[in-house]
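> Read off the chains here:
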Amino acid sequence: MTRFSSAAALPIHRSFLVWRNGIYAKAALLLTASCILLYALQHPTGPANGGTAVGYFLGTLAAILVLWLAWFGIRRRRYGGAGQLEGLLSAHVYFGIALMIVATLHAGFRLHWNVHSLTLVLLSLVVASGMFGSYAFWRYPQLMTQNRASATLTSMTAELATLDLRCRQLALLFPDDIMSLVHETVAPGTAHFGMADLVWGRRHNQVHRNNLAAIARVQTQLADRQAATPSEVLPLVQSLTQRLILMERMYRDWRYRALMLQWRAIHVPLTIGLIVALAIHVIVVFYDW
Amino acid sequence: MTPQFSIAIVGSGPGGLSAAATAARYGLSHVLLERTDHLCDTVYRYQKGKKVMAHPMRLPLLGEMPFEQGARETILANWQRVAVEHAVNVRLASEVNSIAKTDDDFTVTMADGAAISAAHVILAIGLQGNIRRLTVPGAEKPHVKYQLDDPDDYRDKRIVVIGAGDAGLENALALCGNNDVSVVNRQPDLSRAKPANVSDTDRAIRSGRIRAFHNASPLRIDDEGVTIDTPNGEVRLPADIIIARLGAIPPRKFLESCGIKFPSKDPAAIPELSESYESNVPGLYIIGALGGYTLIKQAINQGHELVRRLAGDPTPPADAPLLQNVCADAFPGKPVNLVLQYLRDHVPILAGLTSLQLRETLLDCTLARFGKGDTVFSRGDYTSSLWNIAEGAVSVELDPARPDNVIEVGAGEFVGELGLLSGRRRNATVTAAAPSIMVEIPLRAVRRLQTSVAEVQQELDRVAVRRLIHTTLGPDRPIAELEDIIAGATLRTYRAGACIIKEGETIAALYILRSGSATVARSEAGRENVLNFLGAGSLFGERGFLDDHAVRAATITATVASDVICIDAAPVRDTLARTPALRAAFSRAVQTQLAQSLRATVTQTQSTGPAGKAAAISDFLLSKGVGEATNVFIIDETICTRCGNCEQACAATHGGISRVSRELGASAEQILIPLACRHCETPHCMANCPVDAISRTPTGEVIINQQTCIGCEKCAEDCPYDVISMVDIGARKRPNWLVRMLATVGLARPADARIDTGAEHEKKALKCDLCSSAGGIPACVTACPTGAAVRIAPEAYMTWLREGSNP
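These protein sequences, in sequence, are chains A and B. Oh and the first sequence: position 164 is 164 in the working numbering, straight run, nothing missing. Oh and the second sequence: position 141 is 141 in the working numbering, straight run, nothing missing.
Treat the hints as calculated values from the structure; they're not laboratory data. Note that this is a predicted model, so its numbers are computed, not measured. Warning: the hint list may mix true and false statements.
As the list claims (entries may be wrong) - Pair ranges (Cβ atoms, derived):
| id | chain 1 | residue 1 | chain 2 | residue 2 | range |
| --- | --- | --- | --- | --- | --- |
| 1 | A | 67 | B | 698 | 52 to 58 Å |
| 2 | A | 67 | B | 206 | 58 to 64 Å |
| 3 | A | 142 | B | 655 | 34 to 40 Å |
| 4 | A | 209 | B | 763 | 31 to 37 Å |
| 5 | A | 142 | B | 722 | 27 to 33 Å |
Claimed, not checked - Derived list of chain A stretches under chain B, where covered just means 3 residues or more per stretch with a C-beta under 8 Å from a C-beta of chain B:
| id | stretch |
| --- | --- |
| 6 | 25–35 |
| 7 | 57–65 |
| 8 | 236–250 |
Claimed, not checked - A partial selection of chain B residues facing chain A, derived with a Cβ cut-off under 10 Å:
| id | residue |
| --- | --- |
| 9 | 110 |
| 10 | 112 |
| 11 | 635 |
Each residue gets a CB set at the ideal place from its N, CA and C atoms; glycine is no exception.
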C-alpha cells in the first residue's frame, strides 16, 4: 500500500548476522562445501596447486570474490535507493569467510617466499580483521550501551567539566600542596585518549593511578593534620571519586567505540594491498605460463 | 462655507492611505482625515523594529502603495513617500466627531469644530483606535498603559500584564528578560493565543521568568500595584507598570451615530457590508479591519478597488483572478459571484459564512467534478481535506472484504471528517455514486472555519459523533437504529496526561477515541504498567459496560490532547434489547476489542522478563511523544555500531545537511529515538506557517516546501520535539573520498563544506521528509549496515514489541 505500512514489513531490529534467516550464511556454506568437494575429487598429476584445472577455477572464483567483497567499501558510501545495506553486509561477512577457504584450496595448502603466498597471507589478514570486525559489531554495541546507560558523549563531557570545576573549587579550601595535587589530577586533557591506549591502555592506567593516588594522598595528609575535619575532607574525596568513576566510564566508552570502528583502519588498507598483490600474482602467473 | 470634496477618507492606515493615493491618482477631490499627528498610527505604534509580514503571500497587491514584508520603519517610510509623491490631501490632528447624512452628501464634523462635506465617506479607522480599557477603580492612574513601544525602555521594573491574548503574551515575553513580569489571565489556560506564543510563555512560566495567574481578573489599582481576584482569593501584586492588552472592538457608539446598523448585540460584531464595502447608509463605505479584513494587504487592495469604482474605472477585487482559477475546472466560464452563490446554496457548512470568509475559504479549496465510479479518495491515503458533496452522491466502502456493504452519502453532506481531524489515514474508500460536484476544503481552511464560525465546529462534531458511533458499533445496521445511542453521546476533550477512566471506578459508559491516542495501564506493585496503546477510532470501556457493577480494570490516560466520545450505557442497553440484529453487530465489535486487550494483558502483566522490557520500552516511547507520531525513527542500541552511516546517508541525499541527529536524541531501555521528524498526526509545525509552506502528502510525509519557506522559524519554535532546524542552505560540496574514508576511522575531520557563492545566505527550515525528495525510501534505514535502524508507524512497533520481539 503506502510506504508507511511497508515499513512494518521490514524486519525490526534484526542483526545483520541473521539477515533473512541467515540466507547468505547458508549460501556461503553451500559454496564452500562445493569447493571442498571439487578439491577432494580432483586427480591432479602432481600435488594439488593453483596450476591445475581445479586450481584455476578456484583461483578465478577467489579473485572475483575479492573484487566483489572490496566493492562493498564503495557501495557502502552510495546512499539512497532501495537496496538495504544490511543484506549486503551479511553477504560480505559470510562470503568473506568462504573466500578464506576457497583461496586456501586454490593454493593447495602450500606457502612459499613469493608474491603468490604474499597474496594469500594478505588475504588471510584481511579476512581475520574482518572476522574481528564482525565480532566487534556483534559484541561492543551491547557493552557500549550498558556502559553509557542513557548518557551521551556530550552529557558525560559536561558532567566531567562540572566535576573538575567542583574539585578545583573544593581544593581551594586546602593547603597549597593538596591544591596543586588536585589541580594536576583534574588538569584538562586527561580525558583524551590515543591509539596507544587502545592496545595497551597505558596512558589511561597512568591517569587512573594518578587519580587514585591523589585521593589517597588527600585522605592521608588530611588525616595527619588536626585542622581539617572529616566534613571538610569528605566532599573533595567524594568529588574526586565520582570523577574517577566517570573517567572510567568515558574511557570504556571510548575504548568500545574505538574497537568497534577502528579495525577498519587495518581492514581497508590491507584490502588495497591485497588487490595490488593479487594483480601482481595474476600477471606473474600468466607471464610464467 | 464648508470645503466640498468628492471623497472624505477617515483614518490614514494602509486602507485609508491607499484609497487617498488612488483618489489623488484619478484626480478626485479628496481629504484624508487622521486623528493623530502622523500617518498610519497602528503600524506607527508597533514595537520598534517589528518585522511586518505581508501575508497572504499569494494575494497580489493592487494600487499605489508598495508593501513587502520588512521592518516597521522601512514600511512607514515607503508609505510616507507615497503620500508626498501623490500629493495626498492630508489633514492631521482631525478626530472625526460625527458624520451626518444630508440630502445627497455627508457633513463630517471634527473635534476642533471644523466641518467638511463630501459625496462619499470611506471609514478606514480600523479597531486599534478603540482598544478596550480597564474599568476597575484606579484604571486612570498614569502607570496603567495600553501598549508597549519599546521593551528596552524598561529595566528592573515590576510589570503586570493584564490579558493573555497574543498582544499581552508578546509584551510579557519581550519584557521578562529584564523585568519582573506577571500575567493576569481571565481564562483557565492560555489557549486563546497563537500556539507559538503559548509554548514560549509556558516555557517562561516553567523557568520562572513569568508569573501567571489564571482564572484571575483585576479588582482595583493603586499607586503601587494592582489587586486581583484569583480562585485562591485576592492577591495584591506590587507593580511599577501595568500594561493592559484587552483587545480592540469596533467603536460601536460612533458608528451607530452615523446610522450604521450591526447584525447582533455582540460587542465584537462587525457591521454588515455589501460586496462593494458599502454600509447600510448609501455612500458610506467601510474598509479594512473595521469591516473584518484584518490584514494590511487586504486593506490596501480594498482602498484601491473602492476608489477605482467611485472614479468610474472599476477593477475586479484582487482575489478575483485567483478565485476564477479555482472555479475554472468545475465551472468553466461561470462568473465567480454566481459560483459563490451556488456554494452557499449547496454546501451547508459554507452557508453561514460572510462574503469575506467564503472568498477566503474558496481560495484554498478545490472544486472538482467526478463521473460515476470515479475514486474521490482511497483507504490508507493520508488525509488533508474535507470533501463536501455539492451535487450528486458518493458511496463509502468501509470494509474492503465486503465491497457490497457501502454507505451512501448524498448532496449537502460531507465525507472525510474523521481522518481529517484525527490526522489518521483514511479508513474508507469513497467513490462517486453519481456524477458529482465536490468541494475539497483543506485542513488549514477547516481549522480556520472551526475557530471563527461556531456552526462549522458544531456541524463537524455532530456528524463525526454520528458516524463514529455508526461505524464502530453497528456498521452493517441502518443508522436509524442507533439514534437513541447517538442522542446519549457527548464529546469530551482531554488534555495530554489527563485520565479518562480510572482503575477501580464503577461508571457504566462506553468510549470511542475520536482523535489523539491513549494508554491502557494497570498499577502493579506501585508501578503503572502500560498494557495497551489505543489509536483514534478505538472503542474502550466496554467491560465496564457489559457488567453494571464491574469496576474498571485499568486506567486509561490520554497521551496527547484527545477528543473522546462518551456514550451513556443506559440508552445503549435499551436499544440493544429492542434490536437483536444490532445486538449481534455490537457484541461482535466488543468481542474483537476485548480479545485484543486480553491478548495484550496476558503478554504484558509481568513486569520482569522480556514482556516487562517491552512494557518499559513502550513507556519510554510514549513519554517521548511517540503517541502522536505516524512514522518514527528508532534505533536499537544493542545492534547500532555508531558508525553514523544513517546521518551520512541523510546528508548525502539532502544537499549535504543531515536532518537526523543521534547525539541529540533520547535514549533509554537500550532504545534510541534520534532527533528526527516523527510526521505527527496533527503536525504542530503546520499550525502557524504564515506562507503555508508545510503540507502533508497523500502518502503521509509532512514536508516543508523550500521554495516558499521564508525562514521565519515559527515551525521550529512550534515543534515540541525540536526536529526542525534553521539552516543556512548555501551550496555544499562533499569532501573527497580520501577525507571521507579517513573520517570514518577518525583520522580526518571534514571541514565546513559550504561553498561560498558570494550570495547572501538565506536560512530555511529543514527537517526529515522521509526521503520523498530522494526516491521515497528513507536512506537512513537502507544505509544502516547492521539492522539497528527502523522507520516505522508507532502502532506497528508497539505490536512488534508485544508480540514479535519475544516469539
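> Are the hints correct? Go through all of them and say.
Evaluated hints:
Taken as a hint, the range 52 to 58 Å is violated for the pair residue 67(A) and residue 698(B), whose Cβ atoms sit roughly 44 Å apart. For residue 67(A) and residue 206(B), the Cβ-Cβ distance of about 60 Å falls inside the hinted range of 58 to 64 Å, so the restraint holds. Separated by about 35 Å at the C-beta atoms, residue 142(A) and residue 655(B) satisfy the suggested range of 34 to 40 Å. Taken as a hint, the range 31 to 37 Å is violated for the pair residue 209(A) and residue 763(B), whose Cβ atoms sit roughly 50 Å apart.
A C-beta distance of roughly 29 Å is found between residue 142(A) and residue 722(B), which places it inside the suggested range of 27 to 33 Å. Look at the stretch 25–35 of chain A against chain B: 0 of its residues bring a Cβ nearer than 8 Å to a Cβ of that chain, fewer than three, so the hint is violated. Residue count for the stretch 57–65 of chain A with a Cβ under 8 Å from a Cβ of chain B: 0. That is fewer than the three needed, and the coverage hint is violated. Residues of the stretch 236–250 of chain A lying with their CB closer than 8 Å to a CB of chain B number 0, which falls below the three-residue condition for coverage.
Nearest Cβ of chain A to the Cβ of residue 110(B): about 65 Å, over the 10 Å cut. The hint is violated. Of the supplied interface hints, the one on residue 112(B) is violated, with its beta-carbon coming no nearer than about 67 Å to a beta-carbon of chain A, more than 10 Å. A distance limit of 10 Å between C-beta atoms decides the matter here; for residue 635(B) the minimum to chain A is near 8 Å, and the interface restraint holds.
Violated hints, in rising order: 1, 4, 6, 7, 8, 9 and 10; the structure is consistent with all others.
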